[in-house]
Structures are given as C-alpha cells and as structure tokens.
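Novice: Now for the letters of each chain:
Number of protein chains: 2
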Amino acid sequence: MSGSAHHIVIVGAGFGGLETVHRLRGAPVRITIIDRRNHHLFQPLLYQVATASLATSEIAWPIRHLLRNRPDVTTLLASVTGVDKEARQVRLDDGSTAPYDTLVLATGARHAYFGHDDWEPYAPGLKTLEDATTIRRRILVAFEKAERETDVKRRAALLTFVIIGAGPTGVELAGTIAELARSTLPRDFRNIDTRQARVILIEAGERVLAGFDKDLSDYARKSLERLGVEVELGVPVSGCTAEGVLYGDKKLAAATVIWAAGVQASPAAQWLGVAADRAGRVVVEADLTIPGHPEIFVIGDTAAVLNPEGKPVPGIAPAAKQQGRYVADTIRGRLRGERTRPFRYKHDGSLATIGKRLAVIDFGWIKLRGAFAWWIWGLAHIYFLIGVRNRLSVALNWLWIYTRDQRSSRLITQGRAAGEAQRSAPCR
Amino acid sequence: MSGSAHHIVIVGAGFGGLETVHRLRGAPVRITIIDRRNHHLFQPLLYQVATASLATSEIAWPIRHLLRNRPDVTTLLASVTGVDKEARQVRLDDGSTAPYDTLVLATGARHAYFGHDDWEPYAPGLKTLEDATTIRRRILVAFEKAERETDVKRRAALLTFVIIGAGPTGVELAGTIAELARSTLPRDFRNIDTRQARVILIEAGERVLAGFDKDLSDYARKSLERLGVEVELGVPVSGCTAEGVLYGDKKLAAATVIWAAGVQASPAAQWLGVAADRAGRVVVEADLTIPGHPEIFVIGDTAAVLNPEGKPVPGIAPAAKQQGRYVADTIRGRLRGERTRPFRYKHDGSLATIGKRLAVIDFGWIKLRGAFAWWIWGLAHIYFLIGVRNRLSVALNWLWIYTRDQRSSRLITQGRAAGEAQRSAPCR
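Protein chains in written order, with numbering that gives the first Met the number 0: chain A, 0 to 427; chain B, 0 to 427.
Hints were generated in silico from the structure; no laboratory data involved.
Just so it is clear, CB atoms sit at the ideal spot from N, CA and C, and this is done for glycine as well.
Don't take every hint at face value.
As the list claims (entries may be wrong) - In silico SDA-like links for lysine to any residue, alpha-carbon gap of 25 Å or less:
#1 B:310 with B:356
#2 B:213 with B:247
#3 A:144 with B:91
#4 B:144 with A:247
Unchecked claim - Computed, partial: chain B to chain A, Cβ under 10 Å:
#5 37
#6 57
#7 67
#8 75
#9 93
#10 96
#11 143
#12 249
#13 364
#14 386
#15 408
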C-alpha cells in the first residue's frame, strides 16, 4: 500500500467498526483502526461472563490478531480525545494525531443513569469485560458473605438480587442468576439455602422485552416467574444506595443491584461539535455522515438513525454490522465516482434467552418461543463467534451447563481477597 | 455429622489443604476449610495464564464446588488474622473465631524480594491469578506501546523482557515469552518486528534449573538460547527500577521485568509465635506438628521439612500433597489411638517445560528431555487438572498453540483502558 492511498481512520473495533474493515478488503485504501481496548468483544454473550457461565477469553479477541492477514490495516491501542474536522485529523491521548481522508466513528455506548450517576457504584452496568467480572464478583461474594452471616436481615439482603431494566440484557441476567441460585449453587453451601435467594426484575415500562411482540413478552414474563424471578412492571426506580433500591413506594434491601436500564452514546458528538439526541447519539444524514462533512461517518450505537418507516434503528449488533457494510460500500463507490444511496436498515429479528433452555425469537413474519427457539439462539450465537477454538470451547461450556448445571467461571478475581476488603480504594 | 465430632480446621485450599480434606473422606470428623480466595489454583500452569496461553477459569475452581459432595466439610471465604493456641481457635478478619480440635495450616508462600520490597512494583511475581493477569497485561501492553513508539531507545526498552530467577517458573516464562514474540505475534504488528524483542533470563546461581541434573540444566540453557532467550548466569540483580534492571555492572533498560527468584512463606509462624527459617517457613517436628502442640500441623510451602537424607523437601505440589495425605492418615490413626510414624518424603521427579515443544524430566533413575518429555509433561498436567471439561478445554488450547501458534487469552483487562493510564492509582 502506498502512503498516498486514501486513508480511512476507524475509531472503535466493535461490530460496526470491524465490519467496515472486513468489507473494505481489497479496496484501494489504507486503514487505521483505533480502539481504547486491545480486544473486540462479543457483547451479546457478555451477560454469560457476568453470571459465571463463560470465561472472558471465550467472547473477546485481540483486534490486531483478527486483522493479522490485512497488511492494509494498522491497529492502534489508543484513546481518542477529539477530532479536528478542518485539519481532518483525530487527536490521541499521547498528544499525537492521526490524519484521515475518511473518518468512521463507531465508538459505541455506555450504560447511563439518566442524570443519576451517583447510582453507578451501587448498581453497576454491563458493557465491558471489566463490568462483567465486577458483576460476577459481586454476585459470588454476596453468596459467600451470606454463608458467613448470622443476622437474619442482613443475610436476606445478601441473598437479594435486583436487576433494573427488563430489556434482553435484564431478562437474560435475571433468568441466569435465578438458575445459578436454584440449580448450580445449592449443594455447595452448608449454612444457607441458595434456593431462597430472591431475584427481582424491575421495569419502569409495562412489559418485559418491550421490543418484542406482546405475546412473546407475556411468555417471557411467565417463564421468568416459573424460574423464580419476581417481575415488577410499571414501577420506576427512584434510588440506588448501599442498602438497596427504592422503587414505587417500596424500599428493598439488596446487596447486589445490576443496572440494565439505559445507555448513553460515547462522546463522539462532543468531539465533532454536532447535534445529539437525548441519549447522546449523533444525528446523522441519510448516508450516515454528519451535516457538511461527507467524509465523516458515524455508525452503530453512537449514531441516531431512522429506518425507512421512521422508527429508530435499534442498538444491536446486526444493525451496527449493516451500517459498517453500508459505509464500506459507500466509500468504495465514491472512490469510483459513483453516487451514494441512503442507508436502509433491514430488521432480521430479535432474540432473547430466558435461562438455559428457553428463548423468544421475533422474526416479524414468525414468532418462536421455548426450547426450539433456545436451540436456534444457541446455534446462531456459536456461528457468529469468531474462531473454531472459541466455538468448540463455548459449546463445551454450554453442554456442561445444560447437562450438569456446572458453570466453569465461578472465580472471584480482581477484587481484594477476603479480609482485605476494608483497605480503602475504589479499585475494582 | 454431630456437632461434637472431632473438628478439624484447615487453613488454605492449595494442594496440601485439599489433599488433607480428600484423604479424610469418611473419617469421624467435621472439617472447616478456610481460604482468602474462593478458588483452588493449579499453580504449575499459572505461567500459561501470564503468557496468554490459558484462561484463568481453566486452572482455577471454586473450592466449595470441589467439595460440594462432602456434607462433612464447610467452606469459608475468610482471611485468618491469628491463632490462639491455648484457646484452640483461629481468629478471622470479621472478628469471629473458629474453634478447632486439630488445626492444619497450609497457607502457602508469596514471592519474596530478599529485603528489597521496593522492587515489587517494577518486578511483579507470579503466585495468584491476579499476578498472572497483571503480568499478562504488562507483556501485551509493552508490545502495544512499542507499536506506537517512534523513539528508537524507548522502543527497544519496551521490547525488552527480563525474567529474574531461572527455576522452573523463570525458565517456563522466558521460553514462552520468546515464543510469543517469535511465533505468535509477528504478523499482528505493522510498525515493529516482534522477533527483535529481547528476552533475558538472569540467574544469580551458576545454572538454570539448579534442582535438576547438570546435563538437563545444560540442555535447558541451550534450548532456551535456541528459542532466542539470552541466559545470564552467575550475576545477582542489584536493583529494579521503573527504567529497568541493574545486574552485575550492567544497566538494562526494560519495560517488563518479572520476578521468579524467591518465595517467602505466609505469616503462619507469626500467628503461632514459633521459630521460622530464613524464608519464613515454620520449623516443624518429624510429624509436621509444631513443638508442644501436637494438634497443630503445618504443611506445604509454609513448613520447613527435611527429607530422610536431610535435604529440604522442595516447595512443589507433589510434596504438599504427600504431606496432606500424611496429616490425614495421622489424624485418623490418632482417633483410633494408634502411634504415629514420622513423615517421609518420596521424590517422584522434577519437570519443567521450555517453550511449547520441549521439556526436561528428572526422575532420578531416568532423565528425559526434548519432545518426548514434553508429551509426558503435557499428559501429566492434563491428568492432574480437575474436571473433564477443563481437561478438554486445556487440551484444545494446547492443540491450537501447538499447531497454529494461536494463544487464546491475549486480553488486556483489569487495568485502565488506553489513555486512562495517567489517572494516578496503583490499582492493578
């Protein structure tokens, strides 16, 4: 590749960013992909790391390794601090800059607390591998502490798990924690009966899985209740503290609270100095560029995009991938001097699992639920994992969970060892 | 189990502690096993986590899960703060106490800096899962930073890896890092040639693997050199700083330094107020108890034990296991009123690997080296892993490394994302 080839800088190696790179294979361009982390993360299975079912390395891959066969691509582990639109360069954390001819921002989103950032320490969200190991540690430590606790009230609080938000992530977390308590752990403890643990799923809206057909929502709620999850609908949470959760007019003592209620886009809109919607997403044109700068694309969870019917495109992996493909094709077309067509989102369907044997799938034209849907869900996710080794490894883990209720990753790490907990420091 | 049965408290769920529990199956006793961590760790493979070859969950298991079928055993996640020998109770971090009839201390060892604790931040050691992910992060971040570094000197320092101490752990780390740089990583980077990385193994003594036969030591040294490791023998390290290492009259600029030179026993001797050797190990009687207290056993890396020939018993897993078996048999014998025989260590052999295809094995009566020894080493370690799933999973990983040079766990986690590195805090 010559140094004078069209240079594309892609920020973010999630589904959108990586798909852009893949689709540009063979194009007459140079690519630099920048990410703050060294790994691409398969977020749809992140809740399984948080619930001790999978290991971190089974759902994350070093970005530069994924792109090792692409001499046209340079991978940088770096944090972007801003974009200079006029000079056409990205500013990096070490003070250096990366000049671009075309810029693709695919920096994703973080969980958001709707103006209540003070809730975060008590109700961590789930977006990164570190988030997942933090939540895993909290869940496992709660059971450990309950085993040692003699005070009845405190023990009950330790055995109360609250999940806020009943989208797919909230439903998957609630179902899996309930199974952990009811199937995986009971024989391991002597002083407590882990089956007595309460798992409470709180949702401000009127139903779980609001993005799905109403029948599937109802089925999901009933399935969760059958697993032992208490589902509280139509009650917004009004506070998260060290003691637990306030919702409606109730006060619930809970040692473990997990936030699955909302996301906020990365600060790309600030970098660009352009309009953002309430969730911080950049409002883009029909071709996913920002007004006045056709050389700057914003895609995935960072962008507010409408589908042909005027509804917002959901923040899911297939949508980000479609946008990545569109951006790559648009860049190729431009280099050939072709006119671009607007982006059109095609919704293939929505999937969510409820525990280890049930799922709901809403393809629009057909709706599936139950064990058969779970098998489709499982096969689809194994198919989309990267690498034969990971597919085998995840399949092996699921087989063990399915047949023996053994979860392989019940490790309390990263935190302090027991007894060091007093030592100050918010290090997680 | 009745509350009045003989109560054994075991502190530490390493090889020694767990073996004691296993060997006491069916004995007329109650057992409480206490550990600061929730997992038993297969330490012989810890270096493979540190070098991105295995995931943490493949070599660690929740203690209470391992003992789920033993209703006579209670597992506590707790930190011991002291022992009251007269009242016969162990003091725990939460202020509570655990009374015992027999106490077994099997609390292991940490790496030690021989009076230079200020070296630790610059030269981390390898004893826990957190140590391993810390070292893995440092190694991987060094390559990432080198890829972005334009200054030739700083880049060279980033690509210099120093391992201090040429026992089995040091040899295994050096060999694996050399392979990482020479086989696994080259195609993943664009600006650096990872094959130019220097891996330097520094040893104060006159040979590598001093515990092995001299022929095997020489073979290991030559094999390491063939892998590209620079072996420096007979030179003690005189300093570790943020810039690198001082040894002999040399000053070596290195971003990554790993300590594999010495261990210090856990503070069991202080808890007991008894004599310890230079490495902090409790000096025990022939029956592994402390003087005047036949009800207190100290085993594994925490104890200084001599074998029948008067040589110190090595700090390896098989030795700890033999001691665990001995203690369990001794307790059983006492409950039957039998006299106890002294502990006799039987050395089965020493093993060490050099990279992914060579090993040395010193059985005493026969010495093996090369690829055949590696296969024996690999099969032995897979055999000793706990659980069918883990055996399959580790075998799968090794197959991939062996045939494709792909290492599955190249994740930079736990630390800050790039660009957040400046943010103070020694959180690791």
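Novice: Double-check residue 93 of chain B for me: the hint is only fine if its C-beta lies closer than 10 Å to a C-beta in chain A.
Specialist: holds, 7 Å
Novice: Given residue 249 of chain B was flagged as interface, is its beta-carbon under 10 Å from a beta-carbon of chain A?
Specialist: Violated: closest Cβ of chain A sits about 30 Å from residue 249 of chain B, beyond 10 Å.
Novice: So if I understand the rule, the pair passes when the alpha-carbon distance is 25 Å or less; does residue 213 of chain B with residue 247 of chain B pass?
Specialist: holds, 24 Å
Novice: With a cut-off of 10 Å, does the beta carbon of residue 143 of chain B approach a beta carbon of chain A closely enough for the hint to hold?
Specialist: Where the cut-off is 10 Å and the nearest Cβ of chain A is about 4 Å from residue 143 of chain B, the hint holds.
Novice: With the threshold set at 25 Å, check whether the alpha-carbon distance from residue 144 of chain B to residue 247 of chain A stays at or below it.
Specialist: violated, 50 Å
Novice: With chain A as the partner, please determine if residue 364 of chain B meets the hint condition of a C-beta pair closer than 10 Å.
Specialist: Violated, about 39 Å.
Novice: Does the interface hint hold: is residue 386 of chain B within less than 10 Å of chain A, judged Cβ to Cβ?
Specialist: holds, 8 Å
Novice: Hinted pair, alpha-carbon criterion (25 Å max): residue 144 of chain A, residue 91 of chain B. Please report holds or violated.
Specialist: holds, 13 Å
Novice: Mind checking the CB of residue 408 of chain B against every CB in chain A and telling me if the closest is under 10 Å?
Specialist: holds, 4 Å
Novice: Run the distance test for residue 310 of chain B versus residue 356 of chain B: straight-line Cα separation, threshold 25 Å.
Specialist: Status violated; Cα separation ~32 Å.
Novice: So, residue 37 of chain B near chain A? Judge it on the closest CB pair being under 10 Å.
Specialist: Status holds, d = 4 Å.
Novice: Holds or violated: is the Cβ of residue 96 of chain B closer than 10 Å to a Cβ in chain A?
Specialist: violated, 12 Å
When the structure is compared with the earlier hints, violations turn up for hints 1, 4, 10, 12 and 13 and for no others.
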